[in-house]
Structures are given as C-alpha cells and as structure tokens.
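**Q** Each chain, written out:
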Amino acid sequence: MKGNEAMAEAAILAGCDAYFGYPITPQSEVLEYLAREMPKHNRIVMQAESEVASINMVYGAAGAGFRAMTSSSSPGISLMQEGISYIAGAELPCLIVNVNRAGPGLGTIQPGQGDYFQSVKGGGHGDYKMIVLAPASVQEMADFVYLGFDLADKYRNPVLMLSDGAIGQMMEKVQFKPYTRPAVDKSWATTGKPKTRNRNYITSLFIQPERMEQHNLKLEEKFKKIRENEVRFEEINTADAEYLFVAYGLSARICQKAMDIAREKGIKIGLLRPITLYPYPYKRLEELAAQVKMMLSVELNSGQMVEDVRLAVNGKVPVEFYGRMGGMMPTPEEIVHHLETLIQYHHAN
Amino acid sequence: MPTEEHVLPDTALDVIAPACHDEEEYEMVYHKPSTMVNVAMHYCPGCAHSLVHKLIMEVVEEMDIQEKTIGIAPVGCSVFAYEYMDIDMQEAAHGRACAVATGIKKLMPDKYVFTYQGDGDLAAIGIAETLHAINRGENILIVFMNNAVYGMTSGQMAPTTLAGMHTTTSPDGRDVSYYGAPIKVSELMANLPGAFYVTRQAVNSANAVRRTKKALQNAFKYQQLHKGTCLIEIIGNCPSNWKMTPVEASKFIDEEMVKTFPLGDIKVPKGV
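Order-wise, the sequence lines are chains A and B.
Just so we're aligned: 271 in the working numbering is position 271 of the first sequence, and the numbers increase by one with no gaps anywhere.
Each number in the working numbering comes from the position in the second sequence (counting from 1) with 1000 added on.
Chain A extracted, bound-state conformation (with noise of 0.2 Å):
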C-alpha cells in the first residue's frame, strides 16, 4: 500500500469523523481514497475550495467535539498557517499531515524535508507548539495516524505528522494494529447548549492583556508536560557508536544504509532518529554527546533540524551537517563519503 493510502485508511479506522482536504502533489491520493471510503462508514468528506478553507472546517468541527482531519504538501500546509495558529490558540485537537515536498514557493513536487523550521518552530503567529510526528515507513504512516489522533485528544492540541512525498508515495507492506479510541471527556465542544450548562465557546481572543498572558501561561504549562511525556526516537548501533547520525524520517532510512556501509568499513556509527520532532530529544543527544567523537546531522533541506542538534550537544563535540535540496536525494555512499571527510578533518585537527 502507498503511505498515503495507509494513512488514509488508518484514518478511518482511527474513527476519525471528517476529512476536510485540497488536492496537492504528493499527496492527492488521501482525498481520493476517502472521497471513496468516507461515504460507506457514514463519514464526512469534503473537497474545500482551499487549504485556508479546509483548515477552518477542521476547526469547526474539531470545535464541535469530532475527531478532524486535514492533509496537504507544502505550499498547501502553509495556506493553513493561520488556521493552525487559531486551532492552537483554542485548544482544539486534530490531525494535520504535511506530505512534503520541496521548497520555497511552488518548488517542486519531489520529496525535502525543507518544512521542518515551519513545523516544530512556529509556522504560524504566536506562541504555540504542535506535537510533530516524523513518521519513517508506511507502517509509521498508519501507526502514527492513531498516535496523533490520541495526542491531540489528550492534549487538546493539534498534531502535525511531517512525512514526506517519497514516504507518502513509497509502497510497502502495512499492518493494521487494532486499535481502541480512548474516552476523552469532550465537554468543552459546541454542541448546543443545554440548560443545564453555562454555554461554551471556542476562541483563541483574549483581549485583556492579563487575560491574554493567562492564557499563554497556559498553554506554556501544557507544552512542558508534553516535553516531559511525550518525547519519542529510535535508535540504533548507540551502545558502542563514536560517531552518530542525527536524521528523522526518509533521510534516516537513508542514513540507516549508510550506516551499515560504514560499519563495515570499520566507522563505529550509530543512529539516532527522532520521532517526534516536538517534543525533541535533546536530552537524549546531550547524553550521547558525552559518549560520540561528532555527530552529522543529515536532512533534506539547507541545514534545520542540526539547530536543535547543536541546541542539545552545546558546543560539547562536532555537529556537522549534510543536506540535499530541491528534491534530491543523497545516495548512503555519498553520506559516507561526506563522515569520512568529516572525520578525517577533525582528526586532524
């Protein structure tokens, strides 16, 4: 199945009630395959006149309590900015995918990784964090279709999952864990109110200054306790490893063949791949820094998430940094290649 297609149909049996979408490259196949299934489970599918739109119908019906989803590429995903800030500001839960492509502006539609800043940074006006899952597999592409959906209820906070357009069209074998929705206590939705209950409201207005600050100091509180619980990564070779990699999603998969090169080269390398990219696992780099000579950081884009690398090591040993762009993938042998000069070079000096 294609990693659009599992997260399509995870959707479904994750219960989400309505998918709001606009059809982009790398990523059309998710409206199409729920414009085809949605109907038969009695659920709701739309193709909204654009990304602005289909971001705040997430938002109305994620206000009124349902599980809501959207997904896009890129330029699509930044349409949407505005409505995710608004959608963080009222606390409301839902499911975002950004298949992405390659950046900045029309671009191209090949895969990058050039949205990370945008995702785990801000993307929007003001204060406020997504949860942001980089899902590596088609498998992750269905798994964390489940995971998001529970985060975003737990939380009541948006959840971003950052794939990208080689993880979204890449077919492989998927397995469809069964799956129980959790209670969440939804009392806080636009239902209609009933006598019984003061009305409730979804905004993200706080016009008094104090009020406003409340608010911030809030969602503050709720951003820590997801930076306590909720860090997520997968390693491999770290027991023994003097060198690390640093990548999330495609690139990791691509630094997972690089590895085994250079371990048979004798290059002790191992990997370290966040899953959730917020919340970051810069406490876990900062132990393996006191561990590994130099880590590379490999992305698929001009150098972003080495920031939050070097944010972890502090100065304390090499983070050095390889990148390609425009929809261009780096082969493992030419990651090779690059830490062997890397090590070299610091070797050396």
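These are computed hints drawn from the structure, not numbers from a lab.
None of the values given here were measured: they were computed from a predicted structure.
Incorrect hints may have been included.
Pairs of lysine to aspartate or glutamate, EDC-like flavour, derived with a Cα cap of 20 Å [as the list claims (entries may be wrong)]: (1) A:Lys222 - A:Asp150; (2) A:Lys218 - A:Asp127; (3) A:Lys173 - A:Glu287; (4) A:Lys195 - B:Glu1067; (5) A:Lys195 - B:Glu1027; (6) A:Lys195 - B:Glu1058; (7) A:Lys195 - B:Glu1061; (8) A:Lys195 - B:Asp1064; (9) A:Lys283 - A:Asp260; (10) A:Lys186 - B:Asp1064.
Once you have looked at the hints, place chain B on chain A.
**A** Leaving out everything else, chain B in the frame of chain A:
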C-alpha cells in the same frame, strides 16, 4: 432575568442591575430575551449590532432552540458576539466563518448553525469561503452586517463602501475607477443555485426592525428544510465611523445607503 452565574467576559463593563419592578403592581410588557447574556455590550451608541444580536436571540428563544443552535462570530466589531449570545459559539478567523460553519453543520446537520459577519469579513477577506458555502447550499444562515466600513479598525473603506463615500482610507471619497463599485453581495449570491432565501433589511426604524425579525424567523424556520443557504444582509448603522449622530446615521441609511443597497427580498423560496 437569568440568575445563572457567568464569568465576566473581557468586554463586560458592569453587570446590569435586575430590573426594578414589582410584579404585583406592573405588568411585564417587554423583557430582554433569556437567551442573551446579562452583561453590558461594548458597542457604540446607535450601533446596529446590539439590536441584531437581540433579534437573533429573540428568535432562538421563541423557537426554543437554544440547545440546538451554534453561532459563529467573525473578526470585526462583532468579534465578541459570543460574549452576549447565550448559546454555544465559535470564534472564527477573519473571513472564515462560513468554512467553520460548514465544518460544524456537516457533522451536526440537525443543529441550527448561523454565522454573523461584517462586510470586511464576508465581502473582502472571506468572499471565497462565503461564495463556496452558498454554492454548496450549506444549510446555514449567514447574517451579513453591512455598514459600508471596517468598524473595528475605525472606519476604513470596505468592499461595500458607497461610491464617493469618505473613509479613512478613501479620504477623497471612494473612487470607483480605482477601487471598483461597492459589491452588492446579496444580488451576487442570490444567483447561486445553493442560495435558498436572500433578503436585504435594515434596523433603523421600528418597522425595519420588525421586518428584519421576520426575515430571521423565516431563515431559522427554513433551516429545518435542508434546502440551501439563507443569507440575510442587514444595512447597519455605524454613527461612530460615519461621523454622524445616531439619528443622522438612521437618516443616511434611508437617504443614501438604500440607493446602492435597496431593501427587500432578493430571492424568496417558492412553495414553502
């Protein structure tokens, strides 16, 4: 008066004291609808918003649909509508009310869903969301407050500003050769097959208020039929930004606004 305790909203200046009347001596002939929150509003004297809020809430009270009604507040002067209407509401981003309403109504088709939007919100930044919601025939009510200016940001030119009308961003009067003519939203939208009921009303006289209320009653009733979108455009008084007294503003509607925006039904459903 409702006795329910509310957290004071941001805009609350004071809680209005309960009316002083002795039930044994006086007959109650008028009361604020129970579906209104009992706080003072932030609107300027002579503004149309407070009156239209009340009319909508009177209809909700009379139809006994408080439990089934969800409103969408816009960005603009009526951004705090949810502080005053005692129903479940969502505050939308600027212009996106019809998209938000679509998200709600699609999932809860049996609820009454309405948006409340100004001319900047609906006719400028939100024209796409509005047009497509109506074209889909979403079973929602759009209450479109047209006062020909951006009120909240204090009087800039709107898509509905009259030709030659002075605003802070058209200081020499709106030049239609540069900015185009004011958009007649209701006439435009009535062309769409999804529009079920389209009317333009005002609230600058007792008769106009009665007609607007009737239109609102119709629109809420029609929503049960699932036949399409109802659009009620209301020409609103904006004395503050028109630099007029409330009385002058009411006159301005009758003498000037109606020339561009004639009042009355534009599309009426047949056979209902």
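**Q** I'd like to know which numbered hints this structure contradicts. Please list them from smallest to largest.
**A** Structure breaks hints 3, 5, 9 and 10.
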